[in-house]
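Line order of the protein sequences matches chains C and U.
Throughout the first sequence, residue numbering follows the numbering used here, covering 82 to 658 in sequence.
Throughout the second sequence, residue numbering follows the numbering used here, covering 90 to 281 in sequence.
One or more of the hints may lead you astray.
As the list claims (entries may be wrong) - Pairs of lysine-lysine, DSS-like flavour, derived with a Cα cap of 30 Å:
id, chain 1, residue 1, chain 2, residue 2
1, C, Lys92, U, Lys182
2, U, Lys253, C, Lys626
3, C, Lys99, C, Lys524
4, U, Lys179, U, Lys246
5, C, Lys92, U, Lys179
6, C, Lys600, C, Lys99
7, U, Lys262, U, Lys173
8, U, Lys246, C, Lys99
9, C, Lys524, C, Lys597
10, C, Lys600, C, Lys111
11, C, Lys111, C, Lys99
12, U, Lys253, U, Lys207
13, C, Lys92, C, Lys524
14, C, Lys92, U, Lys246
15, C, Lys564, C, Lys111
These are calculated hints, taken from the structure and not from any lab test.
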Amino acid sequence: MASFEQHMHPKPTTFLSKYVFSFDHKVIGKQFLWYGIFGLGVGGMMALLIRWTLAFPGEAFPVLGQFLFPETAGIVPPDVYAMLFTMHGTIMIFYAITPILIGCFGNFCIPLMIGARDMVFPALNMLSFHLALISFVILLAGLFTPLGAAAGGWTSYPTLSTLVGSPGIGQTLWTLAIFVLGVSSTMGAINYITTIIVLRAPGMGYFDMPLTVWGLWLTAILNAIFLPVLGAGCLLLIFDRTFGTQFFLAGAAATNGVGDPVLFQHVFWIFGHPEVYILILPAWGMVSDMLSFFSRKPAFGAKATALAMTSITILSTLVYGHHMFTTQMSPLLTQSFMTLTMTISIPSAIFFANWLGTLWKGSIRFTSPMLFSLGVVFVFGLGGLTGLYLGTVTTDLYLHDTYFVVGHFHYTMAASVLLGGFAAIYFWMPKMFGVLMNETWAKIHFWGSMAGLNIVFFGMMLVGYAGMHRRLYNPFVYEFLEKTIPINTWITYGALLMGASQLIFVVSFIHAVFFKKEKAGANPWEVGTLEWTIPSPAPHYNFDKIPVVKCGPHEFGNPSLTSGRDFQYQTEELVKA
Amino acid sequence: MNKEASLDSLNGSIKDQYISNISTIVTLISFTMLFATLFLGYALYRLTAETWPPMGIEAPSLGLPIISTIVIFLSSVSYWMFEKNFEINKENKGWLWITSLLGFAFLGTQVTLWSSLKASGLYSSSGIFGSIIFGFTWIHAAHILMGIGALGWLAIKLKMDDMKLMTVQNVGKFWHFLGIIWLIMFITIFAI
């Protein structure tokens, strides 16, 4: 069998070629991990500033406030508040969740789990990380410009984002940063798609791939198709801001020759709705795998789960209008978008039932990755169900732009994706850095985060239902919202708890990576997918010999196992009874 | 288990071709979505307008755009000739140079178009009509520059022995793609 010989770069020797300009997918994955954790830190700090302002309006932010806002004696000023929620959203979505889930685990897991030695285009992969880095620098540079960073919300709707709404250079830098990041992610997506199609190990059909790879693959497909849509919108917005074009300038129709601000909303959400699935699909895939790994049972209906995720991918392209029910859309359109949105419940219910089916009567091992995966199941269930009220026109008209929306999308996009990311970090830690993280602290981290985020996001839904608007600096100037001050204070306590838990994670992570002496074995979790057949941490070439795949990824407790273990590697033949 | 899905029975060069073709297709889909978004916006502006071009604005004359169309069409033809020659004689770069020159000529016609539009009083800030003509041609011209970059890269890399026909074909796909985009722009923005 003439196996395909991938061109391999020689093992790097200098610091620069090893850690900065590396072609190795594992190193690029780790680079994205550090990048994402830094993003989480910055975005999280901004979240705390926002929460402080909402819980204690008019009071100085302790300690840091004096340095950040000397002219207001430590109180977050209103214009900075707008910058904070804008940058918090942008950083968390594009510079924290995306690099950890897609950049890090996409790069790290895909070649290892499909039995390849590297991505098809290692140079493109490296370029993708460096572009992402440049993009982050451009974005953060906005904070140091005279009028400050972008302040039009992470959605950057015109006219908030045109020169009328934000005259400073910050918004232009924001738009440019998103465009550059889009180019970077598209490059990554092209790489992932091609790698998965052509570099699967001999014998590995599409349904022999772990569901993690499925999730990442579908994500990459959505990225390749829909990021350019946002790119086009960003280009036109940059033109509007720098060259005086009038694409998104407000005005009545084209008879008097000016543009249409609502067009940007269309373009944004044509990209934006697939984007929420771009973020969640990798987490779904990982959770589907891990529930099976730690229940010591085959994934219930793995093929159905893969197909359900595929149909959600397709449906996700058709529902973007439910973000725009309040833009005077024709009722025919709102009804159609509502119906299509509700259709997504069907495949979602299928794979959710499959998750529960996987757990049913399993001999569950409550390791830290499993805890986080179960957290995803709970949190995503809650987030998904509250989405129904926002996808329905009648209820959305009331709930639109309230904190209910904020609570909902944090449950789905922040909480479940974040927990999924942590599950992945704890799970693949041995393969990335050769060590296991401390289980006790991991569990404290889990329960702290879980309690914290539920207080925060459930509280948000409550105050949203009470009518609190999502972007007000001081909502309590309105009499009917004064009664929500106690809940808002509690939300902030929850946020502090959540932030403190992440500090535990960071310390535990840094300790494990740099100081931990005790090395992990090749397969500490007793799992059969390809990456666990090689030593930990994964060697430079991944696989000495390209493995030949003989069975699926979830062969647990199968009566025809011959190895004497309760699992078997994908390279082992399943003996027919 | 799905045996036929893996490509292991194929030999190296055919597998190479798979990689190259799949990634080119994905790349072109991405670029298509970029331009499709622009045309979607244009369609919305145009369909919701009562008169087009908007009141008080003269539609630009067709002369320069027609010349641009001819030039970019010829460049596609010359690239096609280059590709045919490449199969016979790898050293022959003549047609590649002609393609690049025609690419630059196309950019020249675009620059002339921009200055003639400005001379006639149509600026990028002249309402949505000017915005579309200038914005779209800017984006397209930037891609033409990228395409010329790809042609130059090809010219340098051509000396290497392992340059394969499919690399030439894939650069060609991008070049022809830009031609098609221009044709759509010519028809929808200038001609009708």
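Violating hint indices (sorted, rising): 1, 3, 5, 12, 13, 15
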